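Q: Fit chain to chain and form the complex, with the hints in mind.
Given next are the chains, with one letter for each unit.
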Amino acid sequence: MIDEAFGGTVLSKILVGLKRVVDYNVRVRVKPDGTGVVTDGVKMSINPFDEIALEEALRIKEQGATTEITEVIVVSIGPADTQQQLRTGLAMGADRAILVQTDSPVEPLAAAKIFLQLVEKESPQIVLLGKQGIDDDNNQTGQMLAALWDRPQATFASKVELEGGKAKVTREVDAGLETIEVDLPAVFTTDLRLNEPRYVKLPDIMKAKKKPLDTVVIDSLGVDTAPQFKTTKYEPPAARSKGIMVKDVAELVAALKQKGLA
Amino acid sequence: MVAKILIVAEHAGGKLNPSTAKCVACASSIDGAQIDIAVFATDGAAVAAEAAKIQGVKTVLTVNNAANAEPLAAVLAPQVVAVAANYTHVFGPSTTFGKDLMPRVAALLGVGQLSDIAAVEGAYKFRRPVYAGNAIITVEAPQDKKLVATVRTASFQAAAQGGSAGVEVANVSASLPSHTRFVSRSAAATGRPDLQTAARVVSGGRALGSADNFKIIFSLADKIGAAVGASRAAVDAGYAANELQVGQTGKIIAPELYVAVGISGAIQHLTGIKDARTIVAINKDTEAPIFEVADIGLVGDLFTVLPELERVAG
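Sequence order for the protein chains is R and P.
Residue numbering for the first sequence follows the numbering used here, beginning at -15 and increasing consecutively.
Residue numbering for the second sequence follows the numbering used here, beginning at 288 and increasing consecutively.
Hint data in this document are derived by calculation from the structure and do not stem from the laboratory.
Hints may be right or wrong, so weigh each one.
Unchecked claim - Below, simulated BS3-like cross-link-like pairs (lysine-lysine); rule was C-alpha separation at most 25 Å, straight line:
(1) Lys433(P) - Lys291(P)
(2) Lys214(R) - Lys510(P)
(3) Lys432(P) - Lys217(R)
(4) Lys241(R) - Lys510(P)
(5) Lys432(P) - Lys345(P)
(6) Lys152(R) - Lys45(R)
(7) Lys150(R) - Lys105(R)
(8) Lys231(R) - Lys561(P)
(9) Lys185(R) - Lys105(R)
(10) Lys561(P) - Lys15(R)
(11) Lys510(P) - Lys231(R)
(12) Lys217(R) - Lys510(P)
(13) Lys510(P) - Lys243(R)
(14) Lys45(R) - Lys191(R)
(15) Lys45(R) - Lys217(R)
In this text the structure is predicted, and so the values were computed from the model without any measurement.
Okay, chain P solo, but in the shape it has when bound (with noise of 0.2 Å):
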C-alpha cells in the first residue's frame, strides 16, 4: 500500500514556516510516499506557491476561508480531518502551532497520535524520544487506521527547494465553531534569526543573574549573527522571555552552533539540544554537567570570557 501522505503547512505573515519542510523531508524517508501539502489560510496562494517548491510534495491544497485568518486549533481541526479523508498519514510540525492542533484532529478521527517523530524506520514504524529525552523508543502504529503524527523538526533537515508541486484550491464543507475567538500576539520583534530554525544559538543561563546582565547574550548573539535561547531557569527568573526557553518543555533545536553560557545543563535543558552540531559551553562550575555534551568546554567567569569573544569573534 502506498503512504499518502497529508503535510498541515505552518505559516504566518503570508510565509511558510521552515517547520513544513522539515516534515516533507520526515515524510520522504517513508519508501514510495505520496506527499501533498494543505495550506489553511484566508488567502494562502503565496504560501502555497512556496510549499510548492518544496522537493517531493506532489501537490499543495489552498483551503481558504476568513475563519482560517489566525492559527486555531478548534477552526482548523474540522477543515483538516475533511481534507485528511484521501490520506493514510497526517503529519504536523512539533512546534506550538502543531502541538496545539494535531490531537485535536487525531481525535476527530477517532485514532490516536504519534508525538515527535524522530527517525522513520517504515510507514508504519517510527523512533521517538520519551523521558525528555532519556529513553528512544521504536513504535508500531496500526496499519488498519489513519496515522496522524508530529514530527520533531530538530531531527529532520529542511527538504530542498527546486520542486514545482502542483497548486489546487481545494473546497472544504465543515462546520466551524466560533467559541473560540483570537485576540492578540505579542511577539518580540527582534531582528534576530529565528530561535527554532538559526545556524547559531547563544543561550544564557541562571548565572546571568538579571535581565540586565542578560543583554550580553544579546550582545555577543548580535556579533556573531546568531538566535538567543535561554534556560528553564533564566525564563523562570524573568531574565529571558518565555518564547526562548529551550528544553523539554520549550524548544527542541538542532543548530550547527550552540554556545551555552552559565548553563549548569539539567537534563530537561540537554534534550533540547543534543542535536547540536556543536556545544560550546561557558561555564565557572567544573562540575557542571553541560561539560559532559559539549565538544568544547571552557571553564571560567563568563562576565569576563563574553566580552573577550565578543571582542574577537565575528
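So that you can see chain R by itself, here it is in the shape it has in the complex (with noise of 0.2 Å):
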C-alpha cells in the first residue's frame, strides 16, 4: 500500500518480537544432572529488552499523524504458556498477538526464518526486536532477520527518529553513540536507554482478553527449526576464591602492596 501523501510510503504496522524467558529477577542455577537450568516453578516473563521494543512500537503508534502507524503486532514463539507473555503484550498496548507454537528451543536462524515469513504476510515498516534474550544472551536475531529480508539494521538503538520513509537511529555502540539513518523497511533492535516500558493496568489487562491471538502452528509455517547446535553440557561458573575484607584505606594499600597493585 502506498500513499503519495507521506512521502511516498504508509508506515503501517510494527511487528514486535517477544520472548518468553526467566524473569530477569531469578537467579538461574544449573540441574544437578548438568542437563539444563532448573525452570520448574521459576518465575516467566517478557524478555526485557523486548519489552522495550514493544514500549518503543507503542510510542511511534502514538505519535499519531506523524508516522502513520496504525497496527503493534505481538510476535512469539514458544510453547502454550507463552500467551501469557502475549497478552501481557496485548495490555501494555498492541492490536493483536500472534503465537508461533512450538514445544522446541529455536535457535535465532530459524525465529529469524520463521519472522521473514511473517514479516512476507503482514509487510510491516518496522521490525522491533530485543538486541537479546536474557537467556541464551546470543545476540543474533535481528540481525539475522534483516539479512534474510535484505533489510537495513539498527542495532542497539537507544533513539529513534521517523521521518518519512527513514529513520535515525542512534545506536549505543563501544566507542559511545552512533547514529546511522536507514531506509524503511528496517529492523531495530534495542538498547536499555531506548525508553521505559509503562505498567499495565487492571482495565487494560481485562480489554486484552478481548484482542485477537491467533496460534500458528509451527510446521504449518514450513521453515526447517533442526537445532544446528548441540549442547551437551551445562555447568556452574567457576566460584572466585575467597577473598579477605580490610577495615581501613591503609589495609587496602597494603593488600595491594602484596598483589603488586600499588
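A: So this is what it looks like as C-alpha cells:
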C-alpha cells in the first residue's frame, strides 16, 4: 500500500518480537545432572529488551499523524504458555498477537526465518526486537532477519526518529553513540536506554482478553527448525576464591601492594 | 581436516582494535588452525600492517572500498561472505562491532552463529556463558557447515606481537546496499585508557548519587591510570555515559585490577567482571553481594574512603 501524501510510504504496521524468558530477577541455577537450568516453578516474563521494543512501537503509534503507524502486532515463538506474555503485550497496548507455537527450542536463525514468513505476510514497515534474550544471550535474531529480508538493521538502538520513509537511529556502541540513517522497512533492535516501558493497568488487562491472539502451528510455516548446534553440557560458573576484608584504606593499600598492584 | 579460520578485523581511525588479537588467540587454540585476517576499509594498508604483526597469522587480506569508511554491518556483511568462501570458520569479536556484523554474515551464509566463545575444546566444540554467566554450556557445531562465531574477548589474552604475515589486497565483487548510511558518532575524548582493554578499571555505582559526585571516580581513575566504568544503575540514573556500562548487556571486561565503588553487585554486573584478576569492593553495605566475589573488600563510606585512597595511591 503506497500513500503518496506521506513521503511515498505508508508506515502501517510494526511487528514486535516478545520472547518468553526466565524473569530478570531469578537467580538461574544449573540442574545437578548438567542437562540444563532449573525452570520448574520459576517465574517467566517478557524478555526485558523486548518489553522496551514494544514500548517503542507503542510510542511510535501514539505519535499519530507524524508516523501513520496504525497497528502494533506482537509475535512470539514458544510453548502454549507463551500466551501469558503475549496477553501482557496486548495489555500494554499492542493491537493483536501471533503465537508461533512449539515446545522445542528454536535457534536464532530459525527464529529469523519464522519472522521473515510473518514479515512477508504482514508487510510491516518496522520490526522491533530486543537486542538479546537474557536467557541464551545470543544477540543474533534481529541481524539475521535483516539479512534474510535484505533490509537495513539498526541494532542496540537508544533513540529512534522517523521521518518519511526513513529512520534516524542512535545506537549504543563501544565507542559511545553512533547515529545511522536507514530506509524503511527496517529491523531495529533495542538497548536499555531507549525508553522505560509502561506499567500495565488492570482495565487494560481486561481489555487485552478480547484482543485477537492467533496461534500458528510452527510446522505450517515450512521453516526448518532442527537445531544446528548441540549443547552437550551445562555447568555452573567457576567460583572465585574467597577474598579478604580489610578495615581501612591503609590495609587496603597494603593488600594491593602484596599483589603488586600498588 | 585443517581448520581455515578467517578473522574479521575491528579497527577505527586507522588503528587495529585489540579485540582482533584476542580473536587470533582464540583461533590459535584450535589445533593446526590456519589463521587469516581480513581488513575492510577505504584503505586498509596501515591496519593490515599492524594485523600482520600478530603471531599466528598467515595472511592479512585487505578489502579496500570507499563504502567501507564506516563499519556498517549491512555494507560489510556481503563482502565478508565473499571472502569467507575459502574458509571453514569465520570469527569476529564480541564487541558491538562484531555483535552487529557477524549474525548478518551468518544468515547470508545460511548458517547459525555461535556467540561469545569463552573456551575452545576442539575445532567444532566450544564453551560459552548463558543466563548472564550463571551457566557455562559446552556446544558442538556441525562439521559440515561453515562456523560463524564471535569471540568473548575477556576470555582471551591478546596473541603476542612479533609475527610477519603476508599482506594481500583482495578484490571482492559483491553488490552493496545503499539503504543504510552513517550519520555521526559521538565519543567522549577522555584521554583515559579504553575500558574494554584497560589493565585497571575504577567503576562507580548508584551509591555515587549524582553525576557530580561521580567525578570522584574519574579523579581516582586518573590518579592510578585506570579506565572508568559504571554499573547499569549508575548509567540509567544518568551519572555516567552509556559506553561505560559494565555487565551482561554492557561491556564484559577482564582487567588486572577492578575497583568497584558503591556497586552492590547484581549478577548482571558480576558477569561483566568475573574474569578480572583482582576485584576490590568498597561499599558501606556489609551485605552487598559484591563482597562475595571481591578479593579485597572494604566496608565504608565511599565519600570518605575515596579521597583518602586518592591521597595515598599512585
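Q: Each of the hints needs a verdict: does it hold here or not?
A: Results of checking the hints against the structure:
With a C-alpha separation of about 10 Å, the suggested pairing of Lys433(P) with Lys291(P) holds against the 25 Å cut-off. Between Lys214(R) and Lys510(P) the alpha-carbon distance is near 48 Å, which puts this suggested pair outside the 25 Å criterion. For the given pair, Lys432(P) sits about 22 Å from Lys217(R) by alpha-carbon distance, which is consistent with the 25 Å threshold. As the CA atoms of Lys241(R) and Lys510(P) are separated by approximately 16 Å, the hinted pair is consistent with the 25 Å bound.
Distance hint between Lys432(P) and Lys345(P) is fulfilled; the C-alpha atoms sit about 23 Å from each other, no more than 25 Å. Restraint check: the Cα-Cα separation between Lys152(R) and Lys45(R) comes to about 17 Å, which is no more than 25 Å; the hinted pair holds. A C-alpha spacing of about 22 Å is found between Lys150(R) and Lys105(R), which places the hinted pair at or below 25 Å, so the restraint holds. The suggested pairing of Lys231(R) with Lys561(P) holds, with an alpha-carbon distance near 24 Å, which does not exceed 25 Å.
Only pairs whose Cα atoms come within 25 Å are accepted, and Lys185(R) paired with Lys105(R) is rejected, the gap being roughly 31 Å. Distance hint between Lys561(P) and Lys15(R) is fulfilled; the C-alpha atoms sit about 22 Å from each other, no more than 25 Å. Proximity of Lys510(P) to Lys231(R) is assessed by CA-CA distance (about 22 Å); at most 25 Å being required, the pair is judged to hold. Annotation: proposed proximity of Lys217(R) to Lys510(P) is violated, straight-line Cα distance about 45 Å (limit 25 Å).
Of the pairs offered as hints, the one joining Lys510(P) and Lys243(R) holds, with about 19 Å between alpha carbons and a cut-off of 25 Å not exceeded. Between Lys45(R) and Lys191(R), the direct Cα distance comes to roughly 18 Å. Compliance with the 25 Å bound is thereby established for this hinted pair. At roughly 44 Å between alpha-carbon atoms, Lys45(R) and Lys217(R) are farther apart than 25 Å, so this suggested pair is violated.
When each numbered hint is compared with the structure, violations occur for hints 2, 9, 12 and 15.
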